[in-house]
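**Student:** Residues per chain, in single letters:
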Amino acid sequence: EAGVAQSPRYKIIEKRQSVAFWCNPISGHATLYWYQQILGQGPKLLIQFQNNGVVDDSQLPKDRFSAERLKGVDSTLKIQPAKLEDSAVYLCASSSVRGNTEAFFGQGTRLTVV
Amino acid sequence: QQPVQSPQAVILREGEDAVINCSSSKALYSVHWYRQKHGEAPVFLMILLKGGEQKGHDKISASFNEKKQQSSLYLTASQLSYSGTYFCGSRSQGAQKLVFGQGTRLTINP
Numbered sequence: 001e002a003g004v005a006q007s008p009r010y011k012i013i014e015k016r017q018s019v020a021f022w023c024n025p026i027s028g029h030a031t032l033y034w035y036q037q038i039l040g041q042g043p044k045l046l047i048q049f050q051n052n053g054v055v056d057d058s059q060l061p062k063d064r065f066s067a068e069r070l071k072g073v074d075s076t077l078k079i080q081p082a083k084l085e086d087s088a089v090y091l092c093a094s095s096s097v098r099g100n101t102e103a104f105f106g107q108g109t110r111l112t113v114v
Numbered sequence: 115q116q117p118v119q120s121p122q123a124v125i126l127r128e129g130e131d132a133v134i135n136c137s138s139s140k141a142l143y144s145v146h147w148y149r150q151k152h153g154e155a156p157v158f159l160m161i162l163l164k165g166g167e168q169k170g171h172d173k174i175s176a177s178f179n180e181k182k183q184q185s186s187l188y189l190t191a192s193q194l195s196y197s198g199t200y201f202c203g204s205r206s207q208g209a210q211k212l213v214f215g216q217g218t219r220l221t222i223n224p
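Protein sequences appear in the order of chains A and B. Taken in order, the first sequence gives residues 1 to 114; the numbers are from our numbering. Taken in order, the second sequence gives residues 115 to 224; the numbers are from our numbering.
No false leads were mixed into what you were given.
Only some residues are given here: those of chain A computed to face chain B with a beta carbon under 8 Å: (1) Y33; (2) Q41; (3) F105; (4) G106; (5) Q107.
In case anyone wonders, no lab produced these hints; they're calculated from the structure. For glycine and all other residues, C-beta sits at the position ideal for the given N, C-alpha and C.
All chains, full assembly: derive it from the sequences and hints.
**Tutor:** Set out below in structure tokens:
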């Protein structure tokens, strides 16, 4: 079974630039999560999708972050414009159904804003 | 609300035992445990779905005390491969989102 795919693995940008991350969840997984993990901290949920609908985006900085999940499959997370404090690993995860099942994580995208 | 984990860090010798606690100020619906090694993605360990439930495989087990709104992860006779950061994730009653604690760094020395 193929895992959660994310790209790119690494990205370095200057502050005020824009950046986009892509995630392809495990086939058939209805729930997709985007987490931000700052070095030394736990993953912070940015947005959770159920199919192509948003379940929770209460911690997504909507003035600069946006996310979409086209046709309930792939997802893109965008930051525009980036700030220094956005430097983190962005993890995408997916699970098979809503509720209490295992979430599978991708390798993440390490973003450095300089 | 983010669950709170304790301790923040543990250093053990191989073969020793460890307990990691996870507590929440909100009523918990379920608790998820993950381990993350440096530079890698979190890996699922187990889910506890109801109060009083206990689970385990190999020498890693966990319990869920619904009344105390806390869960504990037990690592018995620790191995070098157990090193990493352990995260608990929780879902509260009525909430769908999965929220993680700040993590507990476990170091196992030979």
